[in-house]
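Top to bottom, those sequences are chains A and B.
Its first residue numbered 0, the first sequence is counted upward by one per residue in numbering that gives the first Met the number 0.
Its first residue numbered 0, the second sequence is counted upward by one per residue in numbering that gives the first Met the number 0.
The hints are simulated quantities; they were obtained by calculation from the structure and are not laboratory data.
Treat the hints with care, as some may be off.
[Said to hold, decoys possible] Non-contacting residues of chain A with respect to chain B, defined by C-beta distances greater than 10 Å in every case (computed): (1) Arg30; (2) Leu51; (3) Leu155; (4) Ala199.
[Stated by the list, open to error] Simulated coverage check for chain A against chain B, where a stretch passes if three residues somewhere in it have a Cβ under 8 Å from a Cβ of chain B: (5) 31-39; (6) 84-91; (7) 148-154; (8) 212-222.
[To be verified] Here are the computed lysine-lysine pairs in the DSSO-like style, where the Cα-Cα straight-line distance is at most 30 Å: (9) Lys1(A) <-> Lys31(B); (10) Lys67(A) <-> Lys31(B); (11) Lys67(A) <-> Lys1(A).
The beta carbon of each residue, even a glycine, is placed where N, CA and C say it ideally should be.
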Amino acid sequence: MKQGSYRALSVTAIVALAVGFTFATTVPPERVQGEFAKIMFVHVPSAWLAFLAFGVTMVGGAIWLVTKTPIWDRVAAASAEVGVFYTALALLTGMIWGYPVWGTFWDWSDARMMSTAIMFFVYVGYLALRRSIPDPETRARRSAILGIVAFIQVPLVYFSVTLFRTLHQGPTVVRPDAPIDPEFLRALMVNLAAFTLVYAAFMTWRTRLARLEDELEETEAIADFELAGSGITAPSVEEAREDV
Amino acid sequence: MSDGWVVFGYSVVYGFMILYAASLVMRIRRVKRRMEE
Chain A
0 MKQGSYRALS
10 VTAIVALAVG
20 FTFATTVPPE
30 RVQGEFAKIM
40 FVHVPSAWLA
50 FLAFGVTMVG
60 GAIWLVTKTP
70 IWDRVAAASA
80 EVGVFYTALA
90 LLTGMIWGYP
100 VWGTFWDWSD
110 ARMMSTAIMF
120 FVYVGYLALR
130 RSIPDPETRA
140 RRSAILGIVA
150 FIQVPLVYFS
160 VTLFRTLHQG
170 PTVVRPDAPI
180 DPEFLRALMV
190 NLAAFTLVYA
200 AFMTWRTRLA
210 RLEDELEETE
220 AIADFELAGS
230 GITAPSVEEA
240 REDV
Chain B
0 MSDGWVVFGY
10 SVVYGFMILY
20 AASLVMRIRR
30 VKRRMEE
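Work out the full structure, taking the sequences as your base and the hints as a guide.
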């Protein structure tokens, strides 16, 4: 991908965010929650993008296990980092919304909040695992397996509101019995599109960083090998005799 | 109170997006500099 394409995607993402912000702030206050409901337009896309990002990590890891092509390992790693970022945003915005509406930032007994927090820490662990293994192939294999296994949390987090009794509200958008107001749905979808573009922009930059890091790692490995090689001299019988 | 709280929520989101984007740019620059050395 060319430098110009990176910039064009980033600029498009910024414009989309501005459009999303305009849509979010111009909807009328919600009947019960008032202005506080507007936090949903950034909270919900953050959570959905986190799910998407961890899905990409799983797919990237699975493709790497089959093809052993480095690019898929980079895509998986990049998406995990961006996914952790979006999960953090979802947690923070959820807390900011929860305090005025529920009266608390956090509820330790809530299945949605706790499962999301656990998911966040598992993927932080995924990133830590990657940093702890120096060999590229071992790192890619182990993180691919973790990326596939860890994805089981995504449906668990999503269905936690229907599987358990939670303070967190149940599914709102996909609910035929009580459909969301069209104006709210429009603002939500515009912000979802904007957040998806931001995800794509972050992914291109983060994958590029991963490629550069791999190249640097390779260069340093060659330099280290040459350094070790220069320290070893060819065995000489003559020199050995002189020592005796 | 509600307006300020919503502004705070949006500031957190956009603020962290700017910080993460800046961190990516800085990390790319640092790796490039190390490659040149």
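The hints, checked one at a time:
no.: 1; hint: Arg30; verdict: holds (14 Å)
no.: 2; hint: Leu51; verdict: holds (16 Å)
no.: 3; hint: Leu155; verdict: holds (25 Å)
no.: 4; hint: Ala199; verdict: holds (13 Å)
no.: 5; hint: 31-39; verdict: holds (count 5)
no.: 6; hint: 84-91; verdict: holds (count 4)
no.: 7; hint: 148-154; verdict: violated (count 0)
no.: 8; hint: 212-222; verdict: holds (count 4)
no.: 9; hint: Lys1(A) <-> Lys31(B); verdict: holds (16 Å)
no.: 10; hint: Lys67(A) <-> Lys31(B); verdict: holds (26 Å)
no.: 11; hint: Lys67(A) <-> Lys1(A); verdict: holds (25 Å)
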